[in-house]
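Novice: Now for the letters of each chain:
Number of protein chains: 2
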Amino acid sequence: MASEPPIIDIHTHVYPSSYISLLRSRVTVPYLLNPSEKGASPRLIILPSDDDPSLLPGSRGRPIDPSYTDIGVKLKFMSDHRITASVISLANPWLDFLPPTEGLKWAHMINDELESTCSRHQGKLWAFATLPLSASPSDIVTEIDRLRSLPHSRGIIMGTTGLSNGLDDPNLDSIWAALEESKLLVFLHPHYGLPAPLYGPRASEYSHVLPLSLGFPMETTIAFTRMWLSGVFDRYPELKLLIAHSGGTIPFLAGRIDSCVQHERHFPEHTDENGIKSRGPKRSLDQVLSNNIWLDAVVYSETGVKAAVEKVGQERVLFGTDHPFFPPLDEGAEKWASVETNLNAVTSAQDKAGSRAILGANAIELLGLEINPREGGG
Amino acid sequence: MASEPPIIDIHTHVYPSSYISLLRSRVTVPYLLNPSEKGASPRLIILPSDDDPSLLPGSRGRPIDPSYTDIGVKLKFMSDHRITASVISLANPWLDFLPPTEGLKWAHMINDELESTCSRHQGKLWAFATLPLSASPSDIVTEIDRLRSLPHSRGIIMGTTGLSNGLDDPNLDSIWAALEESKLLVFLHPHYGLPAPLYGPRASEYSHVLPLSLGFPMETTIAFTRMWLSGVFDRYPELKLLIAHSGGTIPFLAGRIDSCVQHERHFPEHTDENGIKSRGPKRSLDQVLSNNIWLDAVVYSETGVKAAVEKVGQERVLFGTDHPFFPPLDEGAEKWASVETNLNAVTSAQDKAGSRAILGANAIELLGLEINPREGGG
Numbered sequence: 001m002a003s004e005p006p007i008i009d010i011h012t013h014v015y016p017s018s019y020i021s022l023l024r025s026r027v028t029v030p031y032l033l034n035p036s037e038k039g040a041s042p043r044l045i046i047l048p049s050d051d052d053p054s055l056l057p058g059s060r061g062r063p064i065d066p067s068y069t070d071i072g073v074k075l076k077f078m079s080d081h082r083i084t085a086s087v088i089s090l091a092n093p094w095l096d097f098l099p100p101t102e103g104l105k106w107a108h109m110i111n112d113e114l115e116s117t118c119s120r121h122q123g124k125l126w127a128f129a130t131l132p133l134s135a136s137p138s139d140i141v142t143e144i145d146r147l148r149s150l151p152h153s154r155g156i157i158m159g160t161t162g163l164s165n166g167l168d169d170p171n172l173d174s175i176w177a178a179l180e181e182s183k184l185l186v187f188l189h190p191h192y193g194l195p196a197p198l199y200g201p202r203a204s205e206y207s208h209v210l211p212l213s214l215g216f217p218m219e220t221t222i223a224f225t226r227m228w229l230s231g232v233f234d235r236y237p238e239l240k241l242l243i244a245h246s247g248g249t250i251p252f253l254a255g256r257i258d259s260c261v262q263h264e265r266h267f268p269e270h271t272d273e274n275g276i277k278s279r280g281p282k283r284s285l286d287q288v289l290s291n292n293i294w295l296d297a298v299v300y301s302e303t304g305v306k307a308a309v310e311k312v313g314q315e316r317v318l319f320g321t322d323h324p325f326f327p328p329l330d331e332g333a334e335k336w337a338s339v340e341t342n343l344n345a346v347t348s349a350q351d352k353a354g355s356r357a358i359l360g361a362n363a364i365e366l367l368g369l370e371i372n373p374r375e376g377g378g
Numbered sequence: 001m002a003s004e005p006p007i008i009d010i011h012t013h014v015y016p017s018s019y020i021s022l023l024r025s026r027v028t029v030p031y032l033l034n035p036s037e038k039g040a041s042p043r044l045i046i047l048p049s050d051d052d053p054s055l056l057p058g059s060r061g062r063p064i065d066p067s068y069t070d071i072g073v074k075l076k077f078m079s080d081h082r083i084t085a086s087v088i089s090l091a092n093p094w095l096d097f098l099p100p101t102e103g104l105k106w107a108h109m110i111n112d113e114l115e116s117t118c119s120r121h122q123g124k125l126w127a128f129a130t131l132p133l134s135a136s137p138s139d140i141v142t143e144i145d146r147l148r149s150l151p152h153s154r155g156i157i158m159g160t161t162g163l164s165n166g167l168d169d170p171n172l173d174s175i176w177a178a179l180e181e182s183k184l185l186v187f188l189h190p191h192y193g194l195p196a197p198l199y200g201p202r203a204s205e206y207s208h209v210l211p212l213s214l215g216f217p218m219e220t221t222i223a224f225t226r227m228w229l230s231g232v233f234d235r236y237p238e239l240k241l242l243i244a245h246s247g248g249t250i251p252f253l254a255g256r257i258d259s260c261v262q263h264e265r266h267f268p269e270h271t272d273e274n275g276i277k278s279r280g281p282k283r284s285l286d287q288v289l290s291n292n293i294w295l296d297a298v299v300y301s302e303t304g305v306k307a308a309v310e311k312v313g314q315e316r317v318l319f320g321t322d323h324p325f326f327p328p329l330d331e332g333a334e335k336w337a338s339v340e341t342n343l344n345a346v347t348s349a350q351d352k353a354g355s356r357a358i359l360g361a362n363a364i365e366l367l368g369l370e371i372n373p374r375e376g377g378g
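As given, the protein sequences belong to chains E and V, one line each in that order.
According to the UniProt record's numbering, the residues represented by the first sequence are 1 to 378, in order.
According to the UniProt record's numbering, the residues represented by the second sequence are 1 to 378, in order.
Bound-form chain E, shown alone (with noise of 0.2 Å):
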């Protein structure tokens, strides 16, 4: 087993301690809470539509196991599934949510215990760290500049509101400024999604399907199209942005954004030192795709790999597992369906060289990531 090739899961959630005691301690969206029933697992009610009031507590949002705080089980996860290395990173919807004059402490507590964590389990496990982001531009680029001394941290982990305002909004400039300088990776999650109006008086009887399956990966794209095309790496062209599921739907519909640009006669055309002209931002959105961006490959199929690989380039493409959400339903599985998609859609996508760069060897090289080698097979 020694010659199989490391796999390395870019996307992986953990709840440390510090933010549970965090979402113990309050009472709005999000929080964590005790049903009344005994031996029932406390449920984490993370977005407004889990807040739902006509639900007996025990039904509300998704109970938190030990999956989601005990670094053991996802030890083990990693090992049943053969990864080699995990970047660990907070859930959603990490520290929006707090009073501005907050942030920085919180987010200097969960680093420090991801760090910790991480230096538990030396050449196993590394982090991306979060951001204060409801605290003002200069304590976040603190935090930022604080990141470098923390060993294990390889990025930081964010969401698509910015400041409050998306992240096409100026008042973002001197954190990407940060951002770049530092030479960290911004992993963008969604959280979010769409207003629910969008799913219909039928909303409920989908349940999570449509919010998951849709909001998330359209929320990431608006986000990523709305930064694109406000300049941000006109600005800032070393940002590194690795982009979850695949980049929402950006792979596919790339093309059509592109066309709507080079046809909005409200774009002025400029011209590049090829003497090509375009419209739109000076970097092209091929240019920022196949420079700026990474994606991983949590896109549940072989056509969705492709399309990642297409438009990215194959060293671009960094699998993931999404731990620990999407567990299997049938309690006796050893393995996860939805890990074993993701890894199958990886190996029927590409060739063994591909598959090998995508499964782990990307992440290693772009991450500089120290894995042991005798756990090179996990």
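Mixed in with the good hints there might be a few duds.
[Claimed, not checked] If you anchor each label on the Cβ, the simulated ranges turn out as follows:
1. E:Thr69 <-> V:Ser136: 50 to 58 Å
2. E:Asp173 <-> V:Glu4: 48 to 56 Å
3. V:Asp173 <-> E:Thr69: 18 to 26 Å
4. E:Gln287 <-> V:Gln287: 34 to 42 Å
5. V:His108 <-> E:Asn291: 52 to 60 Å
6. E:Ser41 <-> V:Pro197: 41 to 49 Å
7. V:Pro48 <-> E:Asn171: 47 to 55 Å
8. E:Pro137 <-> V:Arg62: 17 to 25 Å
9. V:Lys38 <-> E:His266: 50 to 58 Å
10. E:Glu340 <-> V:Glu340: 53 to 61 Å
11. E:Lys76 <-> V:Pro170: 31 to 39 Å
Keep in mind that the hints were calculated from the coordinates and are not lab data.
A virtual CB, placed ideally from N, CA and C, is assigned to each residue, including glycine.
Could you slot chain V onto chain E? The hints should help.
Specialist: Same frame as chain E, now just chain V:
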């Protein structure tokens, strides 16, 4: 040139004179606005966001020129792009906005006008008709039945709102039944997009880019997914749906949608005739995609065409142009870049036989088009 394979355009819109007179008679969206500037084109105001009172009348919405209304302009466009035949359809928002008692009258008038236009250009033009969706289901079924008497009618075009509650509304059942029975293809097309706040405070700087490039395909994806989840294809297994813009984002998200469904405990598990267990609609997403769904190839990228072909099959993807939308901004252009992009996407993504199928043969077979053989090469 006689050996050049035929090109059929199944996504091409018209505003027949009856519809223009309808829009001219209105003062609320959708309507036709005559700017006071001398010689200025009337402006088409079809979306609430087009009706922006902060803009001069000559800048609101979009100019409506003869390409929208004069079939001669479309025939010239077809000839310029070597398009053998076109299946024309009324552009959005169709008749969605009419008072219930007016729908049938207008549908009748517009469908007859389309029929008459097609009959004057035998072997070159066919039509997708329009339904009076604001009318009663029985009126709608009456019009569906009447369409059988129109020899050039090959399907109907419709938006995503159905009778106003979306395409998962059980009140649509008599309409799906009539469409299934009539064997008319349902061309599902977006119009309403997503709520403007999703595009953020800087949305106006991006003009139409976000609503057209993201809102449209996301609206389409949500509409279809709700339709599938509600069991429409379980109840009407012969229903045939052609989905605009290569299915919005369905080919890319199908894996994620299915994974979310299979991980949703809320859906009871069922077992099919082969003993395979699954959740969600009896007819799986894959089964629906490969039996009930056709996609146009209006996706502006090789990646998009490949994903569409992988998900529904090469024989179910059909070339289209979206004419008269996305004209060249460069006045002197002979060929439209938007059309060339979609043509090249097909020929790069597919071998010769595949391109031939997608560019024309699939539409000819599916819709039973008897094209003029002398015009096979345009």
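Novice: If a hint holds in the structure, say so; if it doesn't, say that too.
Specialist: Status of the hints after comparison with the structure:
1. E:Thr69 <-> V:Ser136: 50 to 58 Å: 56 Å, holds
2. E:Asp173 <-> V:Glu4: 48 to 56 Å: 53 Å, holds
3. V:Asp173 <-> E:Thr69: 18 to 26 Å: About 47 Å separates the Cβ atoms of aspartate 173 of chain V and threonine 69 of chain E, which means 18 to 26 Å is violated.
4. E:Gln287 <-> V:Gln287: 34 to 42 Å: 40 Å Cβ-Cβ, so the 34 to 42 Å window holds.
5. V:His108 <-> E:Asn291: 52 to 60 Å: 55 Å, holds
6. E:Ser41 <-> V:Pro197: 41 to 49 Å: 35 Å, violated
7. V:Pro48 <-> E:Asn171: 47 to 55 Å: Violated, since proline 48 of chain V and asparagine 171 of chain E (Cβ atoms, about 29 Å apart) do not stay within the stated range.
8. E:Pro137 <-> V:Arg62: 17 to 25 Å: 39 Å, violated
9. V:Lys38 <-> E:His266: 50 to 58 Å: For lysine 38 of chain V and histidine 266 of chain E the Cβ distance comes to about 24 Å; the hint is violated.
10. E:Glu340 <-> V:Glu340: 53 to 61 Å: About 42 Å separates the Cβ atoms of glutamate 340 of chain E and glutamate 340 of chain V, which means 53 to 61 Å is violated.
11. E:Lys76 <-> V:Pro170: 31 to 39 Å: At 46 Å between Cβs, range violated.
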